[in-house]
Amino acid sequence: MNEARFKPGERVRVMKAYPPGHIRTPHYIRGCVGEVERICGAFPNPEELAQMRDGLPAQPLYRVRFLQKNIWPDYAGSASDVLEVEIYQHWLEPA
Amino acid sequence: MKSHHDMGGQPGGRVEPQKENDPHDYAGWERRIDAMAVLLWGLKGTKKYFTVDEHRKAIESLPPEAYDSMAYYEKWIVALAQCTVQRGVVTSAEVAQKMRDVMFMRQHHDLGGRPAGKVEPTEHDYADWERRVDALAVLLGSQKVLSVDERRRAIESLPPEAYDAMSYYERWTMALAQTLIQRGIITTEELAKKMHERG
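Protein sequence lines, in the order shown, are assigned to chains H and S. Residues in the first sequence are numbered consecutively from 3, following my numbering. Residues in the second sequence are numbered consecutively from 77, following my numbering.
Just so you know, not all the hints are guaranteed correct.
The calculated lysine to aspartate or glutamate pairs, modelled on EDC-like cross-linking and capped at a C-alpha distance of 20 Å, are [unchecked claim]:
no., chain 1, residue 1, chain 2, residue 2
1, S, K133, S, E273
2, S, K220, H, D56
3, S, K269, S, E232
4, H, K18, S, E170
5, S, K174, H, E39
6, H, K18, S, D177
7, H, K18, S, D186
Derived contacts from chain S toward chain H, CB cut-off under 10 Å, selection only [unchecked claim]:
no., residue
8, D101
9, C159
10, M181
11, A192
12, G193
13, R227
Derived from the structure by calculation, the hints contain no laboratory data. Given the structure is predicted, the values throughout are model-derived calculations rather than measurements. Just so you know, even glycine gets a beta-carbon here, dropped at the ideal spot from N, CA and C.
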């Protein structure tokens with residue numbers, strides 16, 4: 003298993019990229035900055051599983067918390083509204 | 077179902093014949109892509125990483141709007157990325173790192189944040205064939221024949237118009253066929269024969 007690079011509370015940016023294949027990182031969240039809420043564990047990389055490989059070493063998976071107003075340009079709700087997305091480590095970088 | 081690239085017999089614009097003294101000149105990057113493809117196909121005595129046909133299949137799997145908006149060698153690049161990831165030459169994570177901020181396309185199925193109508197929560201009963209498709213998928217999964225992620229990838233690779241026109245389990249059926257072929261468990265010939273028998 004790959005070592006967890008981030009700790010809860012750390013700020014991370016989601017990579018903005020469009021690789022081919024089955025990607026679990028939603029399109030709308032790519033490029034956004036959030037904060038690690040928790041480490042969910044480590045799991046075989048689904049992008050590799052989708053290509054018929056074993057997906058090992060397992061990738062740490064994080065629950066990342068984003069402010070809604072930082073995701074949607076016309077967000078009309080409360081400024082403190084959040085959205086949490088589970089994202090694999092290789093999609094994240096320090097922000 | 078006609079594949080978008082399969083244009084024979086379709087109405088189309090006029091093809092401008094190339095003038096004899098005005099050959100199309102290829103850009104440096106186009107030449108490099110061509111050379112890279114020839115090397116990866118193993119046509120010049122190099123190691124074969126994937127076949128010309130895999131490369132073609134990747135080009136033909138592009139969403140129609142991408143297919144129409146891309147230049148010839150742009151399609152080749154995307155297809156090369158697809159094939160090298162599929163064959164494990166590179167990982168999708170490596171491609172993502174290299175292509176970050178360069179090309180940014182939303183996959184058709186990835187609908188989060190798109191404008192959409194109201195969701196009507198209704199109960200519905202499943203048809204027998206839907207239950208059978210579900211059971212088949214679960215069995216193939218529990219026997220480690222096919223992974224959920226492979227099935228998802230096949231569903232996400234459906235051309236947008238097919239994706240929209242199909243019901244939930246129709247997509248599953250198409251995806252199961254696709255992945256079973258890819259795994260070599262059934263052949264396209266067997267599938268074509270069965271579909272022909274059924275009309």
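TODO: Against the earlier hints, flag every one the structure doesn't satisfy and list their numbers going up.
DONE: When the structure is compared with the hints, numbers 1, 3, 5, 8, 11, 12 turn out to be violated.
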